[in-house]
Amino acid sequence: MTAVHRVTPTTPEDASEVMRAAAATATKVRPKGAGTKFGWGRPIDEPNLEISTARLDRIIEHNEGDLTAVLEAGVPLQRAQEAFARAGQMLTLDPPLGDNDAATIGGIVATADQGPLRHRYGACRDLLLGVTVVLPDGTLARSGGKVIKNVAGYDLAKLYAGSFGTLGLIVEVVVRLQPQPVKQLTLMCETDDAERFSRAPLLLSHAALEMDCLDVGWRDGTGTLMALFRGAFPEDRAQAAARLLEPTGMTVTTTEGVAPWAEQRARQRASEGAVVRVSGRATDLFTVIECAQRTGAVLVGRAGLGISWLSLPASEPNTLISAIEEMRSELSPRACVLLDAPEEVRAGVDVWGREHDEGALALMRRVKSRFDPAGLCSPGRFLGGI
Amino acid sequence: MRHLIRELEAICGRERVVTHAHALRTFESDGLLHYKGTPLAAALPDSAEEVQALVRVCHDARIPWVARGSGTGLSGGAVPVDDGILIVLSRMRRIIEIDLENQRIVVEPGVTNAEVGRAVGPGHFYPPDPSSQIICSIGGNVAENSGGAHCFKYGFTTNYVTGLEVVLSNGEMVTLGGKELDGPGYDLIGVFVGSEGTLGIATKITLRVVPTPETTRTLVAYFDGTDSAGRTVSDIVAGGIIPAAIEMMDSLSMQACEEATHAGYPPEAGAALVIELDGPEAECAPLFEDVIAICEASHATGMRIAQDEAERALIWKTRKAAFAAMGRITPNYYVQDGVVPRTRLPEALRRIDELSEEYGLKVANVFHAGDGNLHPLICYDASHEGEPERAEELAGLIVAMCVELGGSITGEHGVGVDKKRYLSKMFSEDDLDAFHRVRCAFDPGGLANPTKVMPTPRLCGEVPGPYRRHPLERAGLAERF
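Which chain is which? The protein sequence lines are E and A, in order. In this text, residue positions in the first sequence follow the working numbering: the first is 1, and each later residue adds one. In this text, residue positions in the second sequence follow the working numbering: the first is 387, and each later residue adds one.
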């Protein structure tokens with residue numbers, strides 16, 4: 001195996017030159033941000049060249065009046081948020097940021113990572129107004145624009161969000177911002193009755209409460225529901241939510257601020273053990289909790305959206321593999337994607353699971369081959385070995 | 387040709403394949419009447435299977451096709467390709483499933499936008515609300531990534547589609563997404579929504595709906611001109627307020643709307659803002675007071691606050707009737723859909739005024755001010771020699787200005803035929819090449835709505851098997867690069 005060379009371009013044009021040269025010599029490349037989610041996706045052979053976005057780290061524009069910003073891919077999200085906060089604004093994207101809050105905007109977009117604010121504001125795909133990418137042949141291409149409303153051309157930002165470096169390198173993104181809230185209230189309640197608990201989020205998600213977040217957790221036989229209300233006067237809504245929850249018998253506490261959310265976010269990740277993301281429906285919560293209990297997993301969920309993270313404690317690779325397989329068979333046909341896991345485990349199961357629609361998978365392969373005919377960008381890392 | 391028609395008839399039945407020149411006139415244009423095309427036939431399938439069979443016949447015969455919903459589009463996107471087949475989806479109007487517990491609705495493409503709203507109401511609502519919502523179809527909304535007045539707060543069609551069943555141009559049917567989010571793989575739904583019928587036909591659409599807000603408050607504020615109205619919009623948003631909608635009308639469009647709906651707009655006002663806030667009562671009420679104060683501080687000359695649902699409905703009816711009402715003040719008009727960053731609105735409006743004067747053509751402005759999406763309506767009289775051309779030239783200059791100010795050539799109407807010549811003002815050849823790769827992945831034969839979106843026809847390379855001339859090449863409309 002040849003050694004991995006690492007290049008750190010300083011401009012999008014630089015990055016384009018690097019990619020062009022790599023393509024000309026059929027060199028396999030792997031884009032890299034801060035590397036906080038480097039273990040996600042299928043394990044692949046070491047590529048010959050790693051293109052780092054570490055020096056593509058400028059905040060190009062922050063258009064305060066327009067509530068938009070242009071960021072190079074290597075900008076750590078935390079640093080961008082600090083800049084936006086100085087103008088009383090924020091990017092409503094709050095995934096776990098990894099060690100030293102290092103996660104970059106490019107890495108978050110490439111893996112489509114997310115946090116509790118997804119409930120109201122959507123995923124990366126929904127927050128992107130435009131993207132500039134280096135295609136696998138070195139072409140520097142832009143899609144979208146800088147305005148919040150724009151339907152000119154195809155929306156490549158959505159194609160690149162969650163593409164795991166298989167279609168080239170994201171070098172720049174344009175995002176929509178929101179004003180920072182005046183006040184934030186966190187509502188929490190607990191119970192050990194899984195059935196009763198599973199119905200609770202639906203009581204809130206169907207009400208006109210304009211919650212920013214609606215999450216659940218299930219750990220050691222106890223469920224925790226969390227809702228975040230933001231605005232100038234969130235008290236009334238928190239009270240209304242508490243009233244809606246009365247039939248469940250849970251005792252509701254409301255605290256100012258967002259302190260409990262950091263821990264909730266952090267549970268989406270695991271430095272040991274394994275994390276499986278389940279794509280279900282809002283009404284599936286009870287089924288997913290049962291599965292978590294049977295497999296000894298901790299659950300974190302976006303209850304209104306039906307997305308859950310099941311985190312298995314550290315164990316022998318074979319034990320983890322059989323627990324993951326048990327989850328998959330119990331939760332089928334829901335997609336169960338393995339995120340954090342030791343390399344042996346990732347090598348022992350299909351990280352992405354099976355795509356149920358063969359035609360859709362074939363279409364994805366055709367997209368890959370039009371963008372990367374020689375298969376040079378992160379080959380094998382994605383669904384179906386794309 | 388006869389043989390082809392017979393095949394289409396075998397699929398849909400004779401009565402649902404239109405071939406008579408007379409009958410085909412119904413389908414020659416979409417909402418933008420100055421583009422016309424005559425297809426070989428228009429077929430009106432009843433099911434996804436029929437759509438699939440029709441597309442397969444076209445694929446085997448290498449005949450291009452265009453999908454059409456209700457035909458309300460404003461970019462010529464549904465104009466038939468001459469000697470192609472038009473696939474009209476207006477008969478596919480079944481609501482397949484309403485799953486309110488999971489906040490989803492599954493529909494066929496011909497269901498109208500308003501029908502979706504009715505089906506999930508009153509507890510839930512479907513936010514994208516193009517002005518044509520009473521007749522425009524969800525399939526068309528998906529193709530165009532339709533917006534509407536309430537997109538500023540709630541987003542566009544693309545933010546609400548979670549699943550699609552799509553017939554590709556080779557006749558394959560694929561399922562993308564579903565009721566669930568975050569399935570593994572590329573986000574092909576994100577690419578398909580807004581692709582203007584060039585990547586396939588959606589035959590089943592799963593949409594996300596949201597709880598109806600607790601309260602809605604609406605007002606109309608009048609100003610002496612668009613300048614002060616434009617500054618008011620910026621002040622409101624800079625104050626941290628995200629209204630559900632902020633719409634602007636200038637005096638000319640108000641005059642037209644007034645004649646059509648008699649809503650009681652003061653004739654002397656130079657501009658009006660329709661501002662709507664929605665959400666929880668406790669948030670909305672004080673913010674609404676803030677909005678009123680900002681309007682007053684910006685020297686609003688008058689204000690009308692909707693006292694009940696009927697008054698609110700009238701305000702919106704008036705605003706949404708704007709395009710249709712233009713007929714009362716001008717024999718012809720040409721509508722543009724450019725976008726500028728919101729902070730550049732006053733400048734953009736001033737420049738439109740200057741251009742209007744220079745060209746001696748009136749321009750009415752009625753638009754989504756919150757997101758900077760202009761809809762200048764360029765008034766002209768087609769019976770005056772040279773006026774249509776001057777109007778078009780003026781429109782081109784407005785679009786160029788939008789791009790120059792950092793905006794877009796189209797905010798919600800799509801590129802279609804009408805704006806494809808402007809696409810290269812916004813995107814480089816390399817950008818267009820990236821778009822083309824997507825198109826080739828979905829439709830290597832170039833049969834799905836060809837001649838739309840891309841400024842110059844392009845063919846896809848790597849056609850497997852022996853080289854055969856593409857139909858567009860044979861017709862001399864395109865050449866292989």
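Don't take each hint at face value.
What the hints assert, rightly or not - Take a look, some chain A residues computed to stay more than 10 Å from chain E by CB distance: (1) His389; (2) Leu605; (3) Glu682; (4) Phe828.
To be verified - Straight-line Cα separation of at most 30 Å, BS3-like style, residue types lysine-lysine; simulated pairs: (5) A:Lys703 - A:Lys748; (6) A:Lys539 - E:Lys183; (7) A:Lys422 - E:Lys146; (8) E:Lys146 - A:Lys539; (9) A:Lys590 - A:Lys539.
Said to hold, decoys possible - Here are a few chain E residues that face chain A, going by a calculated C-beta distance under 8 Å: (10) Thr8; (11) Pro12; (12) Tyr154; (13) Ala232.
Because the hints were derived from the structure by calculation, they are not lab data. All C-beta atoms in this analysis are idealised placements derived from N, C-alpha and C, irrespective of residue type, glycine included.
Give me the numbers of the hints this structure contradicts, sorted from smallest to largest.
-> Violated hints (numbers, rising): 4, 7, 10, 11; every other hint is consistent with the structure.
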